[in-house]
Amino acid sequence: MRVLVSGGGSGGHIYPALAIASRLSAIDPTTKILYVGTDHGLERDLVAHAHIAFEAIHARGLLVKGISGKAAGALTAVQGLIEAVNIVRKFNPDVVVGTGGYVSGPVGLAANFLRVPLIIQEQNAWPGLTNRSLAKRARAVFVPFEEATQYFPKGSRVVLAGNPVEPPLPMDQKTAREKLGLDPAVRLMMATGGSQGAEAVNALMIDLLPEVLRDRHLGMIWATGKRYYESVMALVQRKFGTAVDPNRTRIVEYFYEITTVYRAADLFVGRAGAMTLTDCLAFGLPMVLIPSPHVSEDHQTKNAKAVVGRGAGMLLPESDLPRRRHEVLALLNDPKRLAEMGQQAADWFDGTALERIVQTVYEAGGNSQGVRR
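Going left to right, the sequence shown walks through residues 1 to 373 as the UniProt record's numbering numbers them.
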């Protein structure tokens with residue numbers, strides 16, 4: 001089978017596409033997979049790391065201001081569509097899978113034009129514009145949150161499933177703590193603003209650090225993001241010096257073994273990106289969510305509200321952090337509430353999502369009539 005996959009711009013669109021592609025290859029190594037993205041997104045490097053064939057097209061968001069910006073966007077859209085049609089025609093896939101981001105728009109339209117079955121996977125509680133626009137053209141639209149179903153056009157074939165991630169490898173918390181060199185007895189929160197970091201998350205951790213250092217029952221493992229690491233470490237050294245116990249408090253630029261950190265933690269503190277939330281659900285990890293105010297259509301707040309509505313976490317808007325920061329440690333010091341939230345998270349996780357999506361891809365590909373030449 002030949003499968004063309006497209007999604008880009010942010011890791012939230014790319015990682016689901018890679019998970020689907022990897023599972024297809026694992027099931028049948030003869031499957032031919034091509035990933036279509038842009039040259040300026042994260043996808044080229046991530047796809048290369050996954051050893052998947054890659055081709056780039058021109059694509060950019062259409063929600064831009066100004067006449068010149070809109071004109072340039074329209075020209076890029078036409079160019080990208082022509083490129084996408086040529087790539088789809090040349091690769092001749094049995095099925096196309098789109099996971100969102102503006103690059104998947106022209107790819108999805110090309111699939112529709114050339115009569116190739118299209119499968120869409122949406123990650124957020126508020127679906128992105130690209131996936132909403134393509135939904136009626138798709139054989140199936142997979143969504144992780146029931147809240148998302150209402151935003152697709154009437155007639156869309158929406159299927160409720162979780163985000164596609166591999167189930168976590170079996171590892172108990174004690175083993176994870178030992179692997180990280182952290183005290184197995186503390187109540188441990190993990191904090192991250194993603195690979196680039198988040199200033200608001202870092203500021204919150206700086207504010208909470210004195211209390212964590214004073215209480216030997218608490219611990220923190222915190223990824224500042226690469227661009228903030230040096231300045232944060234200089235500040236921590238200046239304010240706290242040798243008071244930081246590496247057995248209880250670990251500050252790093254990035255979580256290179258994030259699955260181990262998830263397993264080691266008792267509480268997650270950070271942004272509300274869809275795939276981060278899915279990972280927390282997979283590990284049964286309670287969440288304190290600080291949505292980014294800089295994302296399109298405020299979709300992280302909608303993700304966080306879905307989590308809160310199911311009792312699996314707490315929402316802390318950036319604007320509320322100064323007056324509500326105490327709530328983070330109050331939750332960390334409440335084992336009963338942590339256990340209840342963790343159970344809600346674990347119960348909500350759909351570990352079958354990846355298999356269901358892959359099965360639908362096979363079914364759609366098997367029914368393909370091929371590319372119209």
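Bear in mind the hints are in silico, worked out from the structure with no lab data behind them.
Misleading hints may appear alongside valid ones.
As the list claims (entries may be wrong) - With a straight-line cut-off of 27 Å between C-alpha atoms, the simulated DSSO-like cross-links for lysine-lysine are:
hint, residue 1, residue 2
1, Lys32, Lys90
2, Lys154, Lys174
3, Lys154, Lys336
4, Lys136, Lys154
5, Lys226, Lys179
6, Lys136, Lys90
7, Lys174, Lys336
**Prompt:** Which hints, by number, does the structure contradict?
**Reply:** 2 and 3
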